[in-house]
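**Q** Residue strings, one per chain:
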Amino acid sequence: MTARRFLSNYAIFIALAIECVVLAIAAPSFLSIDNFSNVLRQNAFPAIIAAGMTFAILTGGIDLSVGSVVALSGVLCADALVHGWPIWSAVAAGLVVGMGIGLVNGLIVTTVRVPPFIVTLAMMLVVRGAAFKYTDAHTISGLPPAFATLSQGVAMAVVMAVVFALSWAVLMRTPFGRHVYATGGNRDAAWLSGIRVDRVLLKVYVICGLGAGLAGVLVASRLNAGYPRAGELYELDAVAAVVVGGTSLFGGRGSIWGTLAGAFFIGILNNGLNLYNVSAYDQMIAKGAVLLAAASLDRWRS
Amino acid sequence: MPLLAATGLTKSYGGVRVLDGVDVTVERGEVHALVGENGAGKSTLIKILGGAVRPDAGRVTLNGAPLPVGDPLDVRRRGVSVVYQEFTLVPGLSVADNVFLGRERGRPFLRRADMTREAQAVLDELGGGIEASALVGQLSVAHQQMVEIARALVGEATVLIFDEPSASLSGREVDRLMAAIHRLRARGLGIIYISHRFEEVFALADRVTVLRDGRRVETRPAAGLDRRQLIHWMVGRDVSEEFPVRQIAPGRTMLEVRGLSAPPRFHDVSLSVRAGEIVGIAGLVGAGRSSAALAMLGALRSHGAIAIDGLPARFRSPADAIRHGVVYVTEDRKGRGILPLMPASQNLTLASLDRYQRRGWLSATAEAYAAADAARQCDVRAASLDQPAATLSGGNQQKLLLGRFLLTKPSVLILDEPTRGVDVGARAEIYALMNRLCGDGLAIVMISSDLPELLGMSDRVVVMREGRVTGELDRASATPEAVMALATRSAA
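Chains as they are written, first to last, in this note's numbering: chain A, 1 to 302; chain B, 1 to 492.
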C-alpha cells in the first residue's frame, strides 16, 4: 500500500488521535471523567443518525429528513407516554415512525425516481411541519421519570455501541451490505449482476429512518419531553460526520468506523473549543472549515 | 513538406507500450487511412495528434512548425481537429450552440444570429439538411456526426482526423459521410481516417498505414492494395489459424427466443442456442444486438417468447435471469461492468454472494475460496485479488467479469463484445476459455463487431440489421462477404 493510500484510508483516525492528544495537553480538564461522559452523551445522537446516514451515502444517496424525523418520532413517543403507553411500546412507536418515513422516502426514490436529495429535502419540510402541527408547536411534557434513564451516560454508550457494531456487521458481513457498496459503486453494474437495486435502496432509507427514529426517542428521553424543534440541523451534522469520516458522497466507498470517528472528531472539536470558551459562532466556522478540508481530501484521494 | 507530420511517437501506459516509434504524415488534399486491430494503437495515436495525450517521445509538426503536445484546445486553434468516436455534443443545446461550443462569438453577449447563420452555412456544405437551430438531442446519430464534423470545420481546420466515423451509421448515412469527406478533400484539407471497414478504406483513401501492436507495419498507396494483404499486415498471420477448430456435439436447446420485440430498438428477433454451441450475432453498431440481449435478460421491456431448457421463461430483471442460469457480460466494461473501487475478489463474487452465506451471514472463507477459484479458471492476472478492479488491465477486467458470472453456474452465457479493448494475448485466452466452457456444455451467445473473431468462434451466425434478424448462416456459409451483405442495407 502506498503512503498516499494509507494516509487517505486512515486520515480520520489519525486526525482524531492527534486531536485527542493535543486537547489532553492543552486542556487537562479534557481528560476528566465528567468531560468524557459529557462528550459521549452529546455526540451519541449525531453519531447514531450518522450511522444510518452512512448507508444512504454509500449508495450515492443522502437523507436530509433525519433531523425532522428526530422531532416527529420524539413527539409521538412522548405523546404515547403521556397517554399511558408502556415505555417499550412508546419507544417502538418512535422507531416505527422513523422507519415508516424512511419507507416513504425509499418508495419515492425507487418508483418515482426523484433524486434522494430532493425527496428527502421535501420530506424534511413535511415531517417538521407535521411535528409542529401535531403538538400545536407546544412541548409535550410530563413524561414518566423512568423514561429519562434511557439516555443516561451508560445506557446511551451501550445503545451507540450496539448501533455501530450492528451497522458494521451488516455492511461488512452480509450480502446486503455488499449490495449497498455495489449500488453506490456502479449502479448499472450492480443491477446487471443480479442485485435488486431498488430493494437495496428501499432498505437503506428504512435503516436511515430507523437510526433517526432511535435518536428521536433518545433525544426525547434526554429532554424528558417531546419537543417539535428537536433535531434541527441534525441532518447536516450527520452528513458532516459521514463525509469527515471519509465516505465518498458519490457512493461506493467508506466505512462505518470512519463515520464514528468523524462524528467524534467534530464533537470533540466542539468540546475543545468550548473548554477554551470559543464562541458558538466561531465553532460553526471551525466546523465548516473541517468539512471543507475533509471534502477536499476526498477529491485528492480519488 | 507534408501538411502534418508525426515522427517517432511513443507512449506507454503502466509499463505497456501502446505506441512504439510511429511515423505518419498527411498531405494537403489527401485522405490517409489508418487501419489496425483493436489495441493496435490507433486511438492513442490520434489522441496524441489531437493533443489530448502527451507522448513519451516523438513530435508532431504542422506545416513544419512543432505542434504543442497535451493541449487539445491549442492544437484545435491551429487547425487540427479530431472527430472522436464518442460524441462530445451537449444534447440540450442547439446545433449552432454546439458547433460554436468553447468558441462562442460575441462578448459579453452572444451573437446568436451570426452563429446560427455561420453554422448553417457549414452544415449546408456538408449536406444532410440539418437545421442549425434544432436541438442536438433530437437529431439522429448520423446527423449528430455531421454536427461533430461541422464543429471541426468552423474552426478553419486544415487537418481533420476521423475516429471510426461510420461505426454507428447505416449504409445511406455512410454514403453521405463519404461524399462529405470527398468534398473536404477537394477543398485541400488533410484527412486522417480510421476505420474497420475495408470498403470505406478502399473507396476513400489515397494512402493506407497499418498499425499492429503499437508499431507501424506498412504505409502504402491505397491503389493496388487488396483486402487480403491488409488483413495479413494487420494480424501478422493468417486469420484462419487464429481460432482453434472445436469439435462440437451440441446437446439440448438451452435458449430459444421467438418473436422478441422491443420497438423501436428491435423487432421480431428469433434465435436458438444449444448446449455446447456458440452462436454469434453479427451486425453494425445500432443494429439492436445489445438491446436484444438485454431483453432476453429481462433488463429491457419486451414481448415475445423465451424458453430456457425447453421451459417458457419471462425474466423481470437480471436477478431473475441469473437465478435461471442466463447471464450477460456487458460490452460496456467500465460503465456497466466492473465496480472500480471494489477489490477484484469482491468483483468476482458479486453476482453469487448468496452461495457464500449461512443464515444471512457471509462466510469470508467460502467467499475467498470462490474468488480464488474463479480467478484461476479465468486466468485473472493480478498481484493480489485485494487490489481494486480499476487497477487491472482491460483484459483482466474482462476476465473478472467472466469469472463473476461463471460463479453463478450459468447454463446460457451471453457475451457482448467480449474482446473489445482487450490485448491480443488475453484475447486468445478468452477464446480458449469460451471453447472450454462450450466443451462443458454451456450455451454461448456472442455479439461481436469483430468479424474475424465472430466467424472464427461461432458455429452459427445470426445477422441483424436495423433491429431485425436478416439471416442466419452456418459455419460453412458464413463468409465475411455474406455477413456484411446481410448486415448492411446497401447490399441487401
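Keep in mind that the hints are not guaranteed to be accurate.
As the list claims (entries may be wrong) - Listed next, the in silico EDC-like pairs over lysine to aspartate or glutamate satisfying Cα-Cα at most 20 Å (straight line):
# : chain 1 : residue 1 : chain 2 : residue 2
1 : A       : Lys203    : B       : Asp354
2 : A       : Lys133    : A       : Asp79
3 : B       : Lys334    : A       : Asp79
Unchecked claim - Simulated DEER-style distance windows between Cβ atoms:
#  : chain 1 : residue 1 : chain 2 : residue 2 : range
4  : B       : Thr10     : A       : Ile14     : 53 to 63 Å
5  : A       : Cys20     : B       : Gln377    : 30 to 40 Å
6  : A       : Gly129    : B       : Val90     : 38 to 48 Å
7  : B       : Arg258    : A       : Ser296    : 54 to 64 Å
8  : B       : Arg117    : A       : Ala289    : 33 to 43 Å
9  : A       : Phe6      : B       : His303    : 52 to 62 Å
10 : B       : Gly102    : A       : Phe250    : 36 to 46 Å
11 : A       : Phe250    : B       : Arg112    : 52 to 62 Å
12 : B       : Asp56     : A       : Ile14     : 46 to 56 Å
13 : A       : Ala122    : B       : Ser384    : 26 to 36 Å
14 : B       : Val90     : A       : Ala289    : 45 to 55 Å
15 : A       : Asp136    : B       : Arg107    : 57 to 67 Å
16 : B       : Asp440    : A       : Ile14     : 28 to 38 Å
Honestly, the hints are just simulated from the structure, not real lab data.
Quick reminder that beta carbons are idealized off the backbone N, C-alpha and C, glycines included.
**Q** Hints first: check each against the structure and report whether it holds.
**A** These are the hints, each one checked on the structure:
no.: 1; hint: A:Lys203 / B:Asp354; result: 18 Å, holds
no.: 2; hint: A:Lys133 / A:Asp79; result: 13 Å, holds
no.: 3; hint: B:Lys334 / A:Asp79; result: 53 Å, violated
no.: 4; hint: B:Thr10 / A:Ile14: 53 to 63 Å; result: 41 Å, violated
no.: 5; hint: A:Cys20 / B:Gln377: 30 to 40 Å; result: 49 Å, violated
no.: 6; hint: A:Gly129 / B:Val90: 38 to 48 Å; result: 39 Å, holds
no.: 7; hint: B:Arg258 / A:Ser296: 54 to 64 Å; result: 57 Å, holds
no.: 8; hint: B:Arg117 / A:Ala289: 33 to 43 Å; result: 51 Å, violated
no.: 9; hint: A:Phe6 / B:His303: 52 to 62 Å; result: 54 Å, holds
no.: 10; hint: B:Gly102 / A:Phe250: 36 to 46 Å; result: 26 Å, violated
no.: 11; hint: A:Phe250 / B:Arg112: 52 to 62 Å; result: 36 Å, violated
no.: 12; hint: B:Asp56 / A:Ile14: 46 to 56 Å; result: 37 Å, violated
no.: 13; hint: A:Ala122 / B:Ser384: 26 to 36 Å; result: 45 Å, violated
no.: 14; hint: B:Val90 / A:Ala289: 45 to 55 Å; result: 36 Å, violated
no.: 15; hint: A:Asp136 / B:Arg107: 57 to 67 Å; result: 58 Å, holds
no.: 16; hint: B:Asp440 / A:Ile14: 28 to 38 Å; result: 50 Å, violated
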